[in-house]
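Using the sequences and the accompanying hints, generate a full structural model.
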Amino acid sequence: MSCSAYKGSYTGYIRRKKRFLALLLLLTVLTAFAALAFGPAGLSLRETAAALFGFGSPQARTILFQIRLPRILTAIVAGIGLASAGCIMQSLLKNPLASASTLGVSQGAAFGAAFAITVLNAGVQSPTPDTVSFSDPYLIFLCAFAGSLLPTVLILMLSCFRRVSPEVMILTGAALSSFFSGGVMMLQYFADELKIAAVVFWTFGNLGNTAGREIAIMAVVTTVSFLFFYLNRWNCNALQTGENSAKGLGVDTDRLRIGGMLIASLTASVIVSYIGIINFVGLIAPHLMRRPVGSDYRYLLPASALCGSLLLLVSDTVSRLILPPVVLPIGAVTTFLGAPLFLFLILKGEHHR
Amino acid sequence: MIRIEHLAYAYHGHHPALDDISFHLEQGERLALLGNNGAGKSTLLKCLNRILEPPAGTVFLDGCDVKRMRRNEIAKMCAYVDQQPQMPRLSVFDTVLMGRKPYIRFEPTAFDRERTEEVLELLRLSAFAPRYADELSGGERQKVALARALVQQPQILLLDEPTAGLDLRNSREVLELIRTVSCEQNLTVVTVLHDLDRALRCCNRFLLMKKKKIALFGDESVLTDDAVSHVYETPVKIRMIEGRRTVIAD
Numbered sequence: 001m002s003c004s005a006y007k008g009s010y011t012g013y014i015r016r017k018k019r020f021l022a023l024l025l026l027l028t029v030l031t032a033f034a035a036l037a038f039g040p041a042g043l044s045l046r047e048t049a050a051a052l053f054g055f056g057s058p059q060a061r062t063i064l065f066q067i068r069l070p071r072i073l074t075a076i077v078a079g080i081g082l083a084s085a086g087c088i089m090q091s092l093l094k095n096p097l098a099s100a101s102t103l104g105v106s107q108g109a110a111f112g113a114a115f116a117i118t119v120l121n122a123g124v125q126s127p128t129p130d131t132v133s134f135s136d137p138y139l140i141f142l143c144a145f146a147g148s149l150l151p152t153v154l155i156l157m158l159s160c161f162r163r164v165s166p167e168v169m170i171l172t173g174a175a176l177s178s179f180f181s182g183g184v185m186m187l188q189y190f191a192d193e194l195k196i197a198a199v200v201f202w203t204f205g206n207l208g209n210t211a212g213r214e215i216a217i218m219a220v221v222t223t224v225s226f227l228f229f230y231l232n233r234w235n236c237n238a239l240q241t242g243e244n245s246a247k248g249l250g251v252d253t254d255r256l257r258i259g260g261m262l263i264a265s266l267t268a269s270v271i272v273s274y275i276g277i278i279n280f281v282g283l284i285a286p287h288l289m290r291r292p293v294g295s296d297y298r299y300l301l302p303a304s305a306l307c308g309s310l311l312l313l314v315s316d317t318v319s320r321l322i323l324p325p326v327v328l329p330i331g332a333v334t335t336f337l338g339a340p341l342f343l344f345l346i347l348k349g350e351h352h353r
Numbered sequence: 001m002i003r004i005e006h007l008a009y010a011y012h013g014h015h016p017a018l019d020d021i022s023f024h025l026e027q028g029e030r031l032a033l034l035g036n037n038g039a040g041k042s043t044l045l046k047c048l049n050r051i052l053e054p055p056a057g058t059v060f061l062d063g064c065d066v067k068r069m070r071r072n073e074i075a076k077m078c079a080y081v082d083q084q085p086q087m088p089r090l091s092v093f094d095t096v097l098m099g100r101k102p103y104i105r106f107e108p109t110a111f112d113r114e115r116t117e118e119v120l121e122l123l124r125l126s127a128f129a130p131r132y133a134d135e136l137s138g139g140e141r142q143k144v145a146l147a148r149a150l151v152q153q154p155q156i157l158l159l160d161e162p163t164a165g166l167d168l169r170n171s172r173e174v175l176e177l178i179r180t181v182s183c184e185q186n187l188t189v190v191t192v193l194h195d196l197d198r199a200l201r202c203c204n205r206f207l208l209m210k211k212k213k214i215a216l217f218g219d220e221s222v223l224t225d226d227a228v229s230h231v232y233e234t235p236v237k238i239r240m241i242e243g244r245r246t247v248i249a250d
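As you go down the protein sequences, you meet chains A and B in turn. Here our numbering is used: position 153 in the first sequence is 153, and no number is missing along the way. Here our numbering is used: position 188 in the second sequence is 188, and no number is missing along the way.
Be a bit skeptical, because a hint or two may be false.
Unchecked claim - Simulated pairs of lysine-lysine, DSS-like, Cα-Cα distance not exceeding 30 angstroms: (1) A:Lys18 - A:Lys348; (2) A:Lys18 - A:Lys94; (3) B:Lys76 - A:Lys94; (4) B:Lys213 - B:Lys237; (5) A:Lys17 - A:Lys348; (6) A:Lys94 - B:Lys67.
It is worth saying that the hints were derived from the structure and are not from the lab.
See the structure below:
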């Protein structure tokens, strides 16, 4: 192959990846607009568009800006945060099963929230059958955040002081997940029915509990962490060549692993503490994107982030539309959509790539 | 170029792998690390660029103590190729371009790409540039890893069994490539090799290890039948065949 021929071929290879990213971005934006337009209130597209630009009825504007827009922004931000954290965890731990939910972050958050609800009386069930209101959401957030940090701190301490391998880190995460799940069961066993209902409701996951300030906090954390991950994209690529080769390429693998895991876990902790347990997004988004963009973190990281947003937007829209006016738990919907998809990828041999 | 003084290493702090290793190597020399399995060859190689951090002894690269050097500085001076290198799911071009990692600030520059293209052409890998690196054969992978190391523009090349798992044709080609590149670019090479015969073709300095220590070190004149047989604990003869020293093992 002549020099110009292979250059042309390589340019085409890069262009295909960039084109795919652009398409994914367009699809995410279109899905976000569709999610704004569709809902149990039955607003037409014209009403939605008018309300979006400040016209239309006050009722339509209230539905759009008070209910749908915060949900959609939460889905976008949480999707980016969870998927990019999952993508980076899979790289740093060299394990395709690494994500916030498999490393005990989600279960730790659930334990913290359950502790706040059952022991610190931060949750009460409201009279309506399909929603639960919490008397002290900030206390629940703080406890969930503290709980989600526990496995992270334990895993990182093991990594710092015992210099354990990535395999041991992920096994520790799996053990801690079981430990915290057991803790939640224990708390539920001794709690009354209302508190149990509140704990269960929290673990369902909910994109509708966040307002401007919470979304802003999640957006700042997600943006900072995404920038950190993106700045380390070449280091993540180098890690794929093996620990020794990466060191030979100038990567401080220990520092990268500890720093990256800390930031990824913190991001996932903040998101999960606000919106509850959302499984599979962090796990499956990077896997879905590996086929079209390969394992080049220059493209895989943004593609995974967009895919995470898309998955959450679609799951949220499905959860609102499938049984109106009931809003199905988002955590269950992501699992229902994610598990068969993951199985499909495994059967296609995608996990070997 | 490389000076090592009283180097010692123990895995997990209590499994000795190197004991009081000292030697030095001049610029442009090609050193073969030889010896039986478990003698400490790969461990010694990994201590040279701080992949392993030895608790005792000092490694000087071009007069600088590696303990005081940042990883990026070491990587600019010293490239490492792992035994049976892992290939990522990246294009061959991007895999080789990764060798510029110690120099890349945010994105690779035009010079980084040009350097990658030059090395791909030098190693006759241009045709593979757009292909995924993890789909290549063993010999091609080894050449890609070597290309990545050369793109680093190192003064020292560290190779851990570069011919492991390769057939006769590929292993000859890889060793010839190493020898040629070293001669043309005045590169210092340290390579772990199992095959003494191949070492004789490729290298001009030899370090034979036995039980974590240096048993022999020098040019090919140190490789006498008795000395080599003692290191390998098996009878070995080295004879001139067609004007070249050749190993004959019983």
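- Query: Which of the numbered hints are not met once you compare them with the structure shown?
  - Reply: Nothing - there is no hint that the structure violates, so all of them hold.
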